[in-house]
Amino acid sequence: MSSVLRPRRSRTLTAVMALYLLYSLIPLVWLLISATKTQPDLLSTPGLSFGGTFALFDNIGSTFTYNNGIFLRWLGNTLLYVVVGAGGATVLATAAGYGLAKYRFRGRQAVFAVVLGAIAVPGTALAVPTFLLFSRLGLIDTPLAVILPSLISPFGLYLIWVYATDAIPDEMMEAARIDGAGELRIFLAVTLRQLAPGIVTVALFAVVATWNNYFLPLIMLSDPNWYPLTVGLNQWSSQAVGAAAQPIYHLVITGSLLTIVPLVIAFLFLQRFWQSGLTAGSVKQ
Amino acid sequence: MTSTAMPARSRPARALTRRHHRRGWAFVAPFAAVFALTFVAPLVYAFGLSLFRDQAFFGGTVFVGLGNYTQALGDPKFWEAFGRVLLFLAVQVPIMLLLALVAAFAIDSARLHAAGFFRMVIFLPYAVPGVVAVLMWGFIYGDHFGLAADLNHLLGRDAVEPLSVNWILTSIGNIVTWEFVGYNMLIFYSALKVVPPDQIEAAAIDGAGALRTIVSVKLPAIRGAIVVATIFSIIGSFQLFNEPNILRTLAPNVITTYFTPNMYAYNLSFGGQQYNYSATVAIVMGVITAVIAYAVQLRGQRKER
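Sequence order for the protein chains is G and C. In the numbering used here, each residue's number is its place in the first sequence (first place is 1) plus 10. In the numbering used here, each residue's number is its place in the second sequence (first place is 1) plus 33.
Everything labelled a hint here was simulated from the structure, so no lab data went into it. Don't take each hint at face value.
As the list claims (entries may be wrong) - Computed beta-carbon distance windows for the label pairs:
hint, chain 1, residue 1, chain 2, residue 2, range
1, G, 232, C, 285, 14 to 24 Å
2, C, 81, G, 32, 50 to 60 Å
3, G, 50, C, 95, 25 to 35 Å
Said to hold, decoys possible - Some but not every residue of chain C turned toward chain G, in silico, with C-beta under 7 Å:
hint, residue
4, 56
5, 71
6, 79
7, 144
8, 145
9, 287
10, 312
Ideal placement from N, C-alpha and C gives every residue a C-beta, glycine not left out.
From just these sequences and the hints, can you work out the full model?
Next up, the structure:
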C-alpha cells in the first residue's frame, strides 16, 4: 500500500488544527462559563474564569420565569415554526424532487430551471417584497407569515432530485406498477425508504434554517407573543441600552445557551444520516 | 455539475406511459403552489411597487416608470453600502473558503489524530443560530465584560477596539467566518469522500506526495463543490444583514442605517415607510447578486472542460 493512501498520523498537523479547534470552541466555552455567573459577576470577573457564585440553575430559572415566562412562549413558537415550517419544507421538497427526478412530464425542464434560478435569489432581498405583499394580504403578525416562506427550500429540492435519480431504479417502480400499485402508493411504500438519508439531510438543514431564522420573523411580527427565540433574545439584549435601560445580560446569555443546546444535540445524534446524505448529494455537484 | 463518478443511469422503463408521467405533476404541484405565493408573487408585486412613488403633498402614488431605478443608481448611500459588501466579499470569502479547504484536506488526509472529533467541533458553530453567534461575539467584543476588555486590561491600553469604525468590518468578518467555515468544510469534505481512490492511487504510483496529490488530483475533483460554496458565499455576503443589524445595538454610531444594501432596504421600509423605493433597492440588489452568481457558475463550468 502506498504512503499517500496510508500515511502516518502527523502531530504537527494535529497541533495546527487544534489551534483552529480553539477558535471554534472559545466563544462557546465563554458562553457556557458566562451562563454560570450572576449579573454582577459578569461585569466584574474576567470572561473565561468562573464567578464567585455558581448561578447556572438560578439563571435558567430566571430565564424561564422572567416577564411571565415569555421565554417559554418563544420556545413554543420556535418549535411551532420548526415543526410546521421545516417539516412542511421537507415534505414539499421531497415530493417535488422525486416527481422531477422520476417522471418525464411536460414543463418539467421549466420547473427545474426556475427552481435552480431561485437558489441564486437572495432570501433577504425577497423578504422585504414578501412583507409588502403579505401586509396587503393581511397575513402580517400571524404565524402563517413566518411559516409560509419557510416552506420553500430550493436547495432541498435539488438535493432530493439528485438523490432520487440515483437511489431509485425505474425497474423498482415498474415492478410495483405491475403489481397494481398506484403512483402515491409507490412513493409512500417503495421509494421513501430509499430516500431516507437524503430526507434526513434536507430536514436537518431546514430545521437549522427555521430555528435560526431571524430576518423573516423580525419583519413579519410585531407582537412579542409570536416571536421565535432569535427575535426575542435580541429584544432582551437591546433592553440594555436606551433611556429606560434594564440590562438583563445574564438572561440573554443563559437564553442563548438554551437556544443552542437542542440543535447541537440534534446534529450530534443524526450525524451518521446527514453526512451520508451530503456525500451522496455531492456526487453530482 | 460534472459527469465524473456518476453511476450509470437505469434505462427508463418502456411500459411507463405518458399518462403515468403526467402524474408527476401531482408530486410537484404543492411545492409549485407555495413557490408561486412566496417567491414569484412577491417579486412581481415588488416590481409593480418599484414603478410608483408616493406623492409628498397630495397623498396616493404616482406612476414614475423607471424613475426609482434612476434614483437608486445615483444614490450615494446605496453605492456606499454596495461598496462595503463588495470589500467584505473580496476579503472575507477567500479567507473563509481557504480555511475551510485546509480543514477539509487535513481531515481527509488521514494524518490527523481524532479526525472525527475535529470534523464535528469545527462544524459546531454552524448549529449556533446567527443571532446567538452575534450576541455572543458582541459580548466578547464589548468593553464591559468581554474578552476584548480583558485583553486591553492586560495590555494596559485600548489596543483592541472591535466595535470602532476601523475595526467593525473585520469584527463582522470574524463572526461570519466563525459561523460558516465548518459548513463549507463539510461541503468540501463530502466532495472529497467521493473522489475515486484509484485516481489517488495512480498519483501515488507516479510518485506524487501528499501536497502534489491535493493540487493535481483532489482540487480538480472537487471543483464543482468549490464553485457551489463560492456562489453561496457571494450570495451570503451581498445579503449581509443579521450581523451588522444586531451589532448596531452596541455600536449605533459606527453602523449606519445603510451599512449594507439589505439594511438600507430594510430601514427604508421600516424606518421611513418608503416602500416603493425600498422595493427598488431590493430588486436592484437581487439582480446584481443573481448576475454575479450566474457568472461565477458559468466560469466554473467553463474551466471544467
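Consistency of the hints with the structure:
1. 232(G) <-> 285(C): 14 to 24 Å: Holds: the Cβ-Cβ distance is about 21 Å, inside 14 to 24 Å.
2. 81(C) <-> 32(G): 50 to 60 Å: holds, 52 Å
3. 50(G) <-> 95(C): 25 to 35 Å: violated, 58 Å
4. 56: holds, 5 Å
5. 71: Constraint on residue 71(C) satisfied, holds at 5 Å.
6. 79: Holds, because the Cβ-Cβ distance from residue 79(C) to chain G comes to roughly 3 Å (cut-off 7 Å).
7. 144: holds, 4 Å
8. 145: Because about 6 Å separates residue 145(C) from the closest Cβ in chain G, which is inside the 7 Å limit, the hint holds.
9. 287: Since chain G brings no Cβ nearer than about 14 Å to residue 287(C), farther than 7 Å, the hint is violated.
10. 312: holds, 6 Å
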